[in-house]
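> Spelled out, the chains give:
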Amino acid sequence: MSQDLTRRAAVAALAGGAGFLIQKAHGQVVWQVNASRCLNSRLGEVGVEACNLCTSSCVVGLSAVRAVNEHSKCGRCNICPAYFNIASAVDEKGLPSEKLCPRDAITRKPIGRQDPEDPSNNFYEYSIDEDKCDGCGRCVMKCKEPLGLGSITLRVRYDKCLNCNRCAISTACPKDALEQIPLPEALKSGEARTG
Amino acid sequence: MRPRVQAAALLVLLWLPWQAFSQAIPYTRPVETAPQENTIGGGYKTPAVQKPLPRNYWFQVFDVVLLAAAMGVSVWLVIRRRSRRWLVGLAIFSLAYFGFYREGCVCPIGSIQNVTVALTDPRYSIPIVVVATFFLPLFVALFFGRAFCGGVCALGAIQEMVVLKPVEVPRRIDRALGWLRYIYLLLAIFFALKPAIGRDFIICRFDPFVGLFRKTGPPHMLMIGGAFLVAGMFIGRPYCRYLCPYGVLLNWCSRLARHAVSITPDRELDCGLCNQACPYGAIVHMRAVRQDCLYCARCYASCPNERARAKRPLVAITRGTK
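Protein chains in written order, with the numbering used here: chain A, 1 to 195; chain B, 196 to 517.
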């Protein structure tokens with residue numbers, strides 16, 4: 001009989017704990033890169049090598065962090081500092097001969113009205129192949145003031161991210177740029193570049 | 196040696212600026228603002244940026260429902276049907292789904308720390324799914340014992356598969372090693388109570404099998420996981436018995452269980468076969484110790500009485516074991 005009573009008390013205690021947690025719980029939380037803190041995308045960090053930690057510390061084989069080009073914020077430059085290695089030799093078309101991306105994940109294609117006289121007058125679309133990108137952040141580092149507009153940022157791909165309790169990247173990140181936030185907030189923050 | 200190094204350094208020093216000035220082109224950004232569709236022209240449509248969503252919320256709820264269902268099946272198979280064969284089937288399913296498909300996440304063991312953090316840190320947001328995953332097995336344990344351990348826990352299932360020639364661990368050593376669970380649980384709570392910057396989810400970080408489930412991980416953890424499996428061939432479920440911090444909570448809850456695995460007193464032969472069959476030292480004086488019983492149903496499988504009964508039709512079995 002006393003065991004029955006104890007069990008009832010334990011059930012009540014557990015139910016109370018669960019109820020307390022559920023009323024303050026969020027539906028779903030995800031890790032996201034805060035672009036204003038990320039070493040690669042924050043302003044002022046120029047002339048330094050891109051921070052590679054998102055690539056090297058993620059527990060997923062090919063890092064769950066990828067570079068994403070927000071097209072509506074892209075300058076559509078002819079010589080994109082994130083696409084070309086602008087320090088490389090110029091080829092016969094007047095463009096740098098080397099690409100920046102070590103995995104050749106960025107594609108470049110002319111868009112809109114074409115200027116037959118001067119191809120450098122055209123607009124270009126740069127898209128990043130998410131299956132190739134490993135989030136090394138080189139393009140992110142180049143696509144910001146003074147050369148770029150900062151349309152490329154590092155973002156977590158939620159379908160690849162395992163949502164580790166203690167995200168390995170967040171422990172490695174020198175700027176503490178990875179934060180765990182509710183999903184709707186993370187989806188919203190992807191639309192607006194902060195800072 | 197030295198002059199050669201100096202010469203090389205001089206060459207490099209001369210080569211560097213030459214490289215920079217002769218090859219780099221002066222770069223000017225042609226646009227100050229991002230051109231939009233009307234500026235670009237030619238009917239250009241800005242492509243949408245990929246926003247891959249996480250696993251659908253309802254699939255996550257489905258995982259919790261499946262967890263509850265698997266525990267229900269585990270209780271039914273062990274307490275009612277007393278069938279080891281079907282329980283192995285359930286364990287294989289759990290290992291495949293919760294282990295290899297869901298990659299060992301979310302699991303109640305790791306959720307101890309999430310729950311601790313959520314209880315103490317008001318800014319920490321805990322998903323509802325994690326709360327449910329933490330509490331469900333404890334509720335079941337209050338009524339039926341450690342049904343979660345038997346055929347549901349992926350960590351238990353992978354160890355269940357490798358039990359080959361279990362030796363009986365001497366009672367005193369068994370007791371002493373069992374204290375490690377309490378230390379581990381206290382450490383886990385200690386690290387979860389730390390402020391956010393020093394917080395460490397040690398249960399997940401030192402989970403020996405999650406690397407095997409994900410087929411990737413730090414090499415030392417993969418090696419420890421392999422070592423646990425090798426040890427598990429001769430010592431039944433070493434992680435569950437000596438390290439699992441969630442096992443401590445299940446142990447406490449299952450002490451109150453009304454129905455648990457029991458060696459039926461009225462049909463006993465006193466042959467001790469069940470005692471020999473139990474690889475986890477959970478049968479003492481011919482009685483199942485419910486807080487240590489891991490719901491593997493080996494005792495039933497080894498029992499001559501049970502075997503004789505299993506040949507009878509299903510209806511008779513469920514009625515007969517009441």
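It is worth saying that the hints were derived from the structure and are not from the lab.
Note that the structure is a prediction, hence the values are computed from the model and not measured.
One thing to keep in mind: the hints can contain errors.
Stated by the list, open to error - Cut-off 25 Å, straight-line C-alpha distance, at most; resulting in silico cross-link-like pairs (SDA-like, lysine to any residue):
#1 B:K410 <-> A:R103
#2 A:K160 <-> B:D258
#3 A:K24 <-> B:A229
#4 A:K93 <-> B:D258
#5 A:K160 <-> B:P230
#6 B:K246 <-> A:S57
#7 A:K109 <-> B:K410
#8 B:K389 <-> A:A18
#9 B:K389 <-> A:K109
#10 A:K73 <-> B:T241
#11 B:K410 <-> A:V59
#12 A:K24 <-> A:Q3
#13 A:K24 <-> B:P230
#14 B:K246 <-> A:C101
#15 A:K132 <-> B:R250
#16 A:K24 <-> B:N233
#17 A:K109 <-> B:T228
#18 B:K246 <-> A:L187
#19 B:K246 <-> A:N163
#20 A:K73 <-> B:A229
Unchecked claim - Some chain B residues well away from chain A (every beta-carbon gap over 12 Å; in silico):
#21 Q255
#22 L261
#23 L359
#24 Y377
#25 P433
Backbone N, C-alpha and C define an ideal beta-carbon position, used for all residues, glycine too.
> Hint by hint, where does the structure go against what was stated? Just the numbers, ascending.
3, 4, 5, 7, 9, 12, 13, 16 and 21
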